[in-house]
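Undergrad: Sequence:
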Amino acid sequence: MQHNQHESLRLPPEGLQYLLLPSMQELYEHAPVGYITTDDTHNIIAINHTGLQMLAYEKEHVLYSLFMRFVLPEDQDIYSFHMQQAHALTEVQGCDVRLLRADGSTFIAHLHTHLYIDDETQRQEYRTVFFDITSRARAEQTMRHSYAELQSYAQEHSADLKHMNELLRQEIAERQHIEVALRESENLFRVALHNSPTFVFTQNRDLEYTWVYNSRSDFSNDSVIGKTDAEIMPPEDAERLTALKRRVLETGVGMHETIRITERGRSEWYDTKYEPLFDAEGHVVGLSGLSTNVTAHRRLIVQQQILASISTELAGTSSDKAALDRVAQLLVPDLGDSCIISVLDADGILRAQSIIHVDPARQASLQQMLSIYAFTEGSVEMQVIRNERSFWLSNVKESDLEAISYSTEHLNELQNIGVISSICVPLTARGHRIGTLTLCTDVSGRRYEMADVTLVDEIGLRLALAMDNIRLYEETQQARTAAEEALEMRDQVFSLVSHDLKTPLTAVQGAAYMLQRISKRLEAPHQERAKRSLDTIQAAVRQMTVQIQELLDVTRIQAHQSLELDSVSLDLVELVGQVVELHRSTHPGRTICTNRLVSGVKGYRRRSTVGAGAGQPANECHQVQFK
1072 MQHNQHESLR
1082 LPPEGLQYLL
1092 LPSMQELYEH
1102 APVGYITTDD
1112 THNIIAINHT
1122 GLQMLAYEKE
1132 HVLYSLFMRF
1142 VLPEDQDIYS
1152 FHMQQAHALT
1162 EVQGCDVRLL
1172 RADGSTFIAH
1182 LHTHLYIDDE
1192 TQRQEYRTVF
1202 FDITSRARAE
1212 QTMRHSYAEL
1222 QSYAQEHSAD
1232 LKHMNELLRQ
1242 EIAERQHIEV
1252 ALRESENLFR
1262 VALHNSPTFV
1272 FTQNRDLEYT
1282 WVYNSRSDFS
1292 NDSVIGKTDA
1302 EIMPPEDAER
1312 LTALKRRVLE
1322 TGVGMHETIR
1332 ITERGRSEWY
1342 DTKYEPLFDA
1352 EGHVVGLSGL
1362 STNVTAHRRL
1372 IVQQQILASI
1382 STELAGTSSD
1392 KAALDRVAQL
1402 LVPDLGDSCI
1412 ISVLDADGIL
1422 RAQSIIHVDP
1432 ARQASLQQML
1442 SIYAFTEGSV
1452 EMQVIRNERS
1462 FWLSNVKESD
1472 LEAISYSTEH
1482 LNELQNIGVI
1492 SSICVPLTAR
1502 GHRIGTLTLC
1512 TDVSGRRYEM
1522 ADVTLVDEIG
1532 LRLALAMDNI
1542 RLYEETQQAR
1552 TAAEEALEMR
1562 DQVFSLVSHD
1572 LKTPLTAVQG
1582 AAYMLQRISK
1592 RLEAPHQERA
1602 KRSLDTIQAA
1612 VRQMTVQIQE
1622 LLDVTRIQAH
1632 QSLELDSVSL
1642 DLVELVGQVV
1652 ELHRSTHPGR
1662 TICTNRLVSG
1672 VKGYRRRSTV
1682 GAGAGQPANE
1692 CHQVQFK
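In my numbering, the protein residues as written are 1072 to 1698.
Since the hints were derived computationally from the structure, they do not count as laboratory data. Because the structure is a prediction, the values reported are computed rather than measured. Ideal Cβ placement from N, Cα and C applies to all residues, glycine included. Don't take every hint at face value.
[Said to hold, decoys possible] Pairwise CB distance ranges, derived in the manner of DEER restraints:
no. : residue 1 : residue 2 : range
1   : Ser1515   : Ile1149   : 45 to 53 angstroms
2   : Gln1563   : Arg1600   : 41 to 49 angstroms
3   : Ser1291   : Thr1313   : 20 to 28 angstroms
4   : Val1251   : Val1356   : 27 to 35 angstroms
[Unchecked claim] Taking lysine-lysine pairs in the DSS-like style, the calculated list, with each CA pair at most 30 angstroms apart, reads:
no. : residue 1 : residue 2
5   : Lys1298   : Lys1344
6   : Lys1130   : Lys1233
7   : Lys1602   : Lys1591
Make a model of the complete structure from these sequences and hints.
TA: Spelled out as structure tokens, the structure:
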């Protein structure tokens, strides 16, 4: 019987149409994996259409060839060992090898092989399932394309299918062979889906599950059959899914969405595709669906979005309550049902600055409770900020509430809120204790895990750094304001001092002018001495006036005011002479001598030297010293 079955599998496609149900034959030919049957010498005796597409060969070039021919030489030892295991063991064996296509390109394939022995003829066959794991996206595109071709083929050949069904009903004797082939095809299909994370199902127009494979972890496949989403899911999830599926049934158009479902108190995200199922007349009789769990990827995206949003919100903001409220609103409801941000005041008392809850009514109750019961030294928040260590309760128990409550009334308030899970992290930055960040769940039923604690710690670190930067900025602004006030006061003092100095200098300059006129009536020796003294006084007055003006110029520069600069010529020799005359009049009992400094000064005019030594050049500038 088995031998005849394999002989029938070798018949041309037009012969198989009279033996197999078309839908099962098409399922075998266009399955998302390749099926290969080899004999005991490892020659290929059957291969489906998908396998031929993967290898890119025509069927006549593959049949009765060694499968080893399509294995890359470097991986042939792996394939040989794989076949030895399949021969020695009864359970399905798997391995990864690189296969060659007709154009010389390669792809990585995963093989599942088991040994089949015919009970009557003892004939051995190796049945291998292989699929391309090089590109998951390409494989998914191929599956969608194959599904579209199957639908198109079914619609175009509906009349042929009816005729073939009539022929099959007349050939009852061949039905047993067809049933065996169907069971084998189903087994191969289940092997392909066994390790897949995809939940596959069909539903009728009443949205009752009619077929399920790889059901959700909290249900078995059999327990779902005949039930609707409302019977196996929370009401909110069931209502949302039912609305989406009703739309597919009414429009006859498939859809693709990412949806959230609650499982065992946790939110799980599924990438879901729904496609309508049609009968022979084209009426929608139900739908089929594929659902893949993408929770890990979704949470990673949400976490990155939250961190980016918090960084953006805190950039350049002030530490007022409105800013903290905006940060708390970013965390609810993606990370918790409620968020509390508490800050230490100048007296070291921890006070709740921002309280946000997903339910406005519960938010009001939470604000009222925190206004009555402040954070004491023994509270969880104070212990967290004091020890600078996070506090995490995955499952809040009655004993935990009793431990943190202050009184019977406080315990009743905590019980009314109904906290299920909680995380509290310290807000510290640069050794400065700022406050705490607390997240809790209640209405969602979610329970925190260690990954959530790590994320909240990172959020707390960023929040603390931002708040500490704001504190440092405010302190810097205060210090800058104080410095500007001090500079302004100094400028006022400089202005007053300059004004007060200019008045006596003007009087001195006027008196020197009067004495200069009087000195003209003195005798010649006294007149020359008086003239030198008066010139010294006038030079000192001019120097003091210039210094006062320079002091005012420095004040203008520091005040960022415009300053006009005048360039003047300066006779260095004349300047040295003025210095000598000034000190000669103020130190009459001292001897003034000079040392050589620079020769050939530009613009030098010959002058008499003061106390010059013998043999010293006359056309040189000197440095004045006193002994």
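Undergrad: That 20 to 28 angstroms hint for Ser1291 and Thr1313 (C-beta), does it hold up?
TA: holds (22 angstroms)
Undergrad: Take a look at whether the Cβ-Cβ distance between Ser1515 and Ile1149 falls inside 45 to 53 angstroms.
TA: holds (48 angstroms)
Undergrad: Taking 30 angstroms as the top limit, are the C-alpha atoms of Lys1602 and Lys1591 close enough?
TA: holds (9 angstroms)
Undergrad: Quickly compare the C-alpha distance for Lys1298 and Lys1344 to 30 angstroms and report which way the hint goes.
TA: OK: Lys1298 and Lys1344 at ~20 angstroms, within 30 angstroms.
Undergrad: Looking only at beta-carbon atoms, does the pair Val1251, Val1356 fall within the given range of 27 to 35 angstroms?
TA: Because 28 angstroms falls inside the window, the suggested range holds.
Undergrad: Within a Cα-Cα threshold of 30 angstroms, do Lys1130 and Lys1233 meet the stated pairing?
TA: holds (28 angstroms)
Undergrad: I want to verify a distance hint. Is the separation of the beta carbons of Gln1563 and Arg1600 within 41 to 49 angstroms?
TA: Hint holds: Cβ distance 43 angstroms, inside 41 to 49 angstroms.
Violated hints are absent here; each numbered hint is respected by the structure.
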